[in-house]
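Novice: Chain residues, written in single-letter form:
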Amino acid sequence: MLFPLTSLVAEHRELGLVVAVALGFGFGFVLERAGFGRSTKLAAQFYFYDMTVFKVMFGAIVTTMVGLAVFSGLGLADLKAIQESGASETFVWPMLVGGLLLGAGFIVSGYCPGTSLVAASSGNIDGMVAFGGVMVGTLVFDWIFPWVHDFHMSGALGQVFLHDLLGIPQAVMAAGVTVMALSLFLGADKVEAMLARKPPAPADGETAVAPTVRDALRPRRLVFAILLGVAVLGLGTLALPATPPASPSRARVAWIAAPTLAQRLLDQPWQVRVLDLRDAKACEEQRVPGSECTPLATLDKLGLATAPADRELVLVAGDALKKAPAAARAFPGRVWLLQGGFPAWKAFALDKPPAAPDASDAKALNAWKFQVAVNSAVTGAKPAPPPAASGSPAGAAPKKKKKGGCS
Amino acid sequence: MQAATPETPFWNPYVAGFALGLVLLSTFLIMGNGLGASGAVHRIGVTGVAAVAPEHAARVPMMAELTDKGANPLDDWLVFEVLGALLGGLVASYSAGRLKLGVIRGPRISIASRLLLAVAGGVLMGVAARFARGCTSGQALSGGSLLSAGSWIFMMAVFGGGYAVAWFVRRQWR
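Sequence lines, in order, name chains L and X.
Mapping to numbering that gives the first Met the number 0: the first sequence position 90 is 89, numbers consecutive.
Mapping to numbering that gives the first Met the number 0: the second sequence position 84 is 83, numbers consecutive.
Bear in mind the hints are in silico, worked out from the structure with no lab data behind them.
What you are looking at is a predicted structure, and each value in this text was computed from that prediction instead of being measured.
For each residue, glycine too, the CB sits at the ideal point set by N, CA and C.
Honestly, I wouldn't trust all of these hints.
[To be verified] Label pairs and their in silico Cβ distance ranges:
1. X:S94 - L:P145: 46 to 52 Å
2. L:L164 - X:R58: 37 to 43 Å
3. X:P106 - L:R217: 47 to 53 Å
4. X:E54 - L:G175: 51 to 57 Å
5. X:F167 - L:F150: 49 to 55 Å
The whole structure should be built from the sequences, with the hints applied where relevant.
Specialist: Here it is in C-alpha cells:
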C-alpha cells in the first residue's frame, strides 16, 4: 500500500504543511475557474437556470470516488485507512439540521464557506463579509455549545458508509452513484436549456442548439466517457485477487493485549491516554503507569465526547468489562479495551516473570525478554540476566491513529 | 457587473468538476484527508479571540481545547490548505482578468442589503457547519466522495435548505 502517505502527518509534518498549501492552491484555483467566486453564479443553482454548482460538485465526487475505488482495487491505496481518517462519524440529526441551515445560509449569503474564501481572494467584498460571518458563526457555536451538546451528539451511528448500509461492495456502490450522477447531469442540462432566458435562434444551417449548450457538449462527452471508463475499471478490479487488509483490526473500539499496551507506553507514551475504571482505592494502590484513576461512575464527567482525538484511549477495568461504556464510545478517536483488564496487566508487568523459555524458540524468547524488561521498569526489580540470543522485543505496536474528521 | 477588460470565460462545469475531483483525489491519496474550509476558519477565529481576550478563550471549553497548554490553533494542516486556497483563488482570478474589488449582486438589491445578507448567511453557515462537523467542502464534497452516510444526509439537506429558502430571497439575485 503506497497511499495515503501517512508520514506527511507524522514525522514529515512540515513537508506535509507545504503540500497542504499546494493542494489548497489547486482547490482555490479550480473553484475560481468554475465560477464559484461569484455569488450570482452560485445562487443560480437554486433557481435552476445555472446548475454549475450541482455539476461541479457531483463531477468532483464521482471523480474522487471512482478514482479511490481504482487505486484501492489495484492495491495502491489503503481505502479503509483513508475512509477512517477522512470521513467523520455520522450523527443523523445535527447533520440533517446543519445541512438545512447551511443550505439556507448558502442562498442568503450567496456562498458556502469554501467559496466565500475564493470570492474574498478574488476581490469580492460580499465574499469577504460572508467569510467573516462564517468565522463568527463557528465561534457562536463555541459559545452556545453547552446548550446544544446533547443535540450535537444525537443520532450517532459511528462511521457508516452507504455501501455498508446497502450491504454491497464499495465498487458497485461507486459505479451506481456514477451512473446516477451522469443521468442527473443530463437532466440538469435539459432543465437549463428549458429555463434559458432567451430561446436560442437557430444557427445558420447547422443546429438549433444554443452556442453555450453546444460548446458544453464536447467537454461533457469527454468527461462522461472518462468517468464511465474509470468506473468500469473500478468494477473490473473486483475481479482481481483481494488484497489483505493493512492491519488486522480497524474497528474503532478494539481489544489490546497487555504486552502491546506496554510496548505502546514505552514507544509513544504521548499517543495514549490510559483510564483506569476500577474503584479509586484499587487504582491508587496499583495501576498502569501514567494512567488516570477514573472510576466507571465518573466517566461521563470527563467530557470524552468532545475531547481531542489525537490520543488514543485505553480503558483498564477489573476483568468484567465486556464492551466500552457509552461515555467512552462517544470519544471521537480510537478506543482500546485492555484484554483481561487489570489482572492481565498485573500478570504481565507486576508479577514475577516466568522462567526463560527454551532459547530455540526465538519468538517466545523475545516476548519473554520484553516482559522482563517491562517488569523491571515498572517494579524496579533487577532484571534477570538475559540469555544469549538477541532480537527486538515482540508485540508490534498497532498502526498509529491518524487525526480524523473534516470539520 | 461587466468587466472593462476581457475575462477568460469560466471552465466548462464538467471539466471543472473533473479537475476538482483530481485535486480532492490527490488530497485523499497524499494526506489521507479531504479538503475543508470551515474547520480552518474556526481555528483562525479562535486565534483572533485568544489574541484579543485570552482569558475568555481559556474559559470557553471549545476554544480552550484549541489553545490549551500553549497550543497554537493555527498549527493544523487545514489552515495551511485554506491559505493555499486563498492564494489559488487570487492567482486564478488575477490570471483570468477577474481580480477587482466589487460587490457581486443581482440587479434589484442595494449594496448595503447585499452585504448585510452575506454576513447573516455567513453566520448561519458557520453555526451550521459546526453542527454538521463540516461544511460543503469537508462534509458534502470530501465525505460524500468517501460515501459516508452522514455526508450524504448533509448534502441532500443543503440542497433542500437552499431550495426551501430560495424563493424568499429571490429579489437578491434576479
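Novice: Against this structure, judge whether each hint is valid.
Specialist: Comparing the hints with the structure gives:
no., hint, in the structure
1, X:S94 - L:P145: 46 to 52 Å, "holds (47 Å)"
2, L:L164 - X:R58: 37 to 43 Å, "holds (41 Å)"
3, X:P106 - L:R217: 47 to 53 Å, "violated (32 Å)"
4, X:E54 - L:G175: 51 to 57 Å, "holds (53 Å)"
5, X:F167 - L:F150: 49 to 55 Å, "violated (25 Å)"
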